[in-house]
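K.L.:
Taken in sequence, the protein lines are chains A and B. First residue of the first sequence: 1, per our numbering; consecutive thereafter. First residue of the second sequence: 1, per our numbering; consecutive thereafter.
Please keep in mind that the hints were generated in silico from the structure rather than gathered at the bench. Among these hints, one or two may not hold up.
Not everything, but these chain B residues come out facing chain A in the computed CB check (under 7 Å) [as the list claims (entries may be wrong)]:
no.: 1; residue: 144
no.: 2; residue: 147
no.: 3; residue: 199
no.: 4; residue: 252
no.: 5; residue: 258
no.: 6; residue: 259
no.: 7; residue: 336
Backbone N, C-alpha and C define an ideal beta-carbon position, used for all residues, glycine too.
For reference, the chains in residue letters:
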Amino acid sequence: MEDLAPHCDHTTGCITCGDEAVPMEVVRVDAERGLALCEDGAANRSTVETALVEPVVRGERLLVHAGTAIARAA
Amino acid sequence: MKFVEEFRDAELGRVLAGEIVAAVDPDRHYKLMEVCGGHTHSIYRYGIDDLLPDNVELVHGPGCPVCVIPMGRVDDGIAIARNEEVIFTCFGDMLRVPGSEQSLLEAKAEGADVRMVYSPLDALRLAKANPEREVVFFAIGFETTAPSTALTLMRAKAEGVPNFSCVCNHVTIVPPLRALLDSPDLRLDGFIGPGHVSTVVGARPFEFIPADYGKPVVISGFEPLDVLQTVLMILRQLGEGRCEVENQYTRVVPYEGNLRALQVMSEVFELRPHFEWRGLGFISQSALRLADAYAELDAERRFEVPNVRVADPKACQCGEVLKGVIKPWECKVFGTACTPEHAIGTCMVSPEGACAAYYNYGRFASEKAVV
Chain A
1 MEDLAPHCDH
11 TTGCITCGDE
21 AVPMEVVRVD
31 AERGLALCED
41 GAANRSTVET
51 ALVEPVVRGE
61 RLLVHAGTAI
71 ARAA
Chain B
1 MKFVEEFRDA
11 ELGRVLAGEI
21 VAAVDPDRHY
31 KLMEVCGGHT
41 HSIYRYGIDD
51 LLPDNVELVH
61 GPGCPVCVIP
71 MGRVDDGIAI
81 ARNEEVIFTC
91 FGDMLRVPGS
101 EQSLLEAKAE
111 GADVRMVYSP
121 LDALRLAKAN
131 PEREVVFFAI
141 GFETTAPSTA
151 LTLMRAKAEG
161 VPNFSCVCNH
171 VTIVPPLRAL
181 LDSPDLRLDG
191 FIGPGHVSTV
201 VGARPFEFIP
211 ADYGKPVVIS
221 GFEPLDVLQT
231 VLMILRQLGE
241 GRCEVENQYT
251 RVVPYEGNLR
261 ALQVMSEVFE
271 LRPHFEWRGL
281 GFISQSALRL
291 ADAYAELDAE
301 RRFEVPNVRV
311 ADPKACQCGE
321 VLKGVIKPWE
331 CKVFGTACTP
341 EHAIGTCMVS
351 PEGACAAYYN
361 YGRFASEKAV
371 V
């Protein structure tokens, strides 16, 4: 978390802030807390809330928006 | 990355463009609205409009949540942010949206503790790490974002985090579409349906568009081949005299949506009787507020807010842009007084706004690129 996002690039769009979502791959699952460590196409990793798409498994692809997985990318 | 690169294949794009040319009636002008700001951005980023015949016009809709926020709601947020005990959190785009006197970023420059977060859960973590401060999350977005806010509020309630609250500005996609379809100054032939909103709400809520208004809807992904294929599917419906909801984005969108997400939203939120949309005015039952069971987490009840309606600046024509009545470059202040660095209107603030997309990709007039 930072005050201003260095990669919030207004020429390429900011998919974190807008109403879009980003595909990510599950790297590690914390089923007890309903969280998963996920990685996007540029190898950026972040913790993702998985309550809406559980159960998830390692290697699965999720569509992540605002830190929450909202769908499986089939 | 799998499921991304294969949808950017230039050769397949040219094949689809050829099929589109074959599908259009040269004597007819087609006006298709892309509802979602993400599609607007894709269209200009990849030059998709340059691949379309001249008589296929893409019209940009109201689907950027930042663009439709009225100034009064920004003023309410700033009023809360000015409280000394408050850490005010929001998504990055919101920071620069002008209120009647200043933006959240300007309020921050004057000393308000305004911070950007990537997720409402980040705001909740901030609340737990700063128990002596009040942490307020300014929630914004369509049904794509609302489940994330709902889950966060459920966690805050379950864990008993007393210093966390939320200003709810979540909006719903169907009422503004109905308002647009009822608008007498807009004639549309079909809709490019919002892909990621539909992962949550499914395709069913859009069935009223073909049923009541006789227009096709095709729910679309965001990669260039997705958008081209969607345009082709709409043109084929029109050519064959069909009119239905189709789903181009089946790799992600189930027809029924995400039932668990809808369930958490219905537990945490209730519909507001009215909500003001920038450019579209008040639309009934078009936005969400916290249900009574979550009243203690409602920042609008915890803090005093001005709750005053503020008219848009006279020079700004965001309303006409959001309704697709004019193109961004037809606005009087586009690219002169209103730029991404010094935005007057919200459509120039958010990168998903139609004006910002036109400005950033050099579309200052109606000419098409040669491809």
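K.L.:
Return the status of the interface hint for residue 252 of chain B: holds when the least beta-carbon distance to chain A is below 7 Å, violated otherwise.
P.N.:
Holds. Min distance 5 Å.
K.L.:
The hint names residue 258 of chain B as touching chain A; please verify it with the least Cβ-Cβ distance against 7 Å.
P.N.:
holds (6 Å)
K.L.:
Grab the minimum C-beta distance from residue 147 of chain B to chain A and call the hint holds if it beats 7 Å, violated otherwise.
P.N.:
holds (6 Å)
K.L.:
Regarding the hint that residue 259 of chain B lies at the interface with chain A, is the smallest CB-CB distance below 7 Å?
P.N.:
violated (9 Å)
K.L.:
Is the interface hint satisfied for residue 144 of chain B? The criterion is a beta-carbon contact with chain A at less than 7 Å.
P.N.:
holds (5 Å)
K.L.:
Take the shortest C-beta to C-beta distance between residue 199 of chain B and chain A; is it under 7 Å?
P.N.:
holds (4 Å)
K.L.:
Can you verify the interface hint for residue 336 of chain B: is its Cβ closer than 7 Å to any Cβ in chain A?
P.N.:
violated (18 Å)
Hint compliance for this structure: hints 6 and 7 are not met, and every other hint is.
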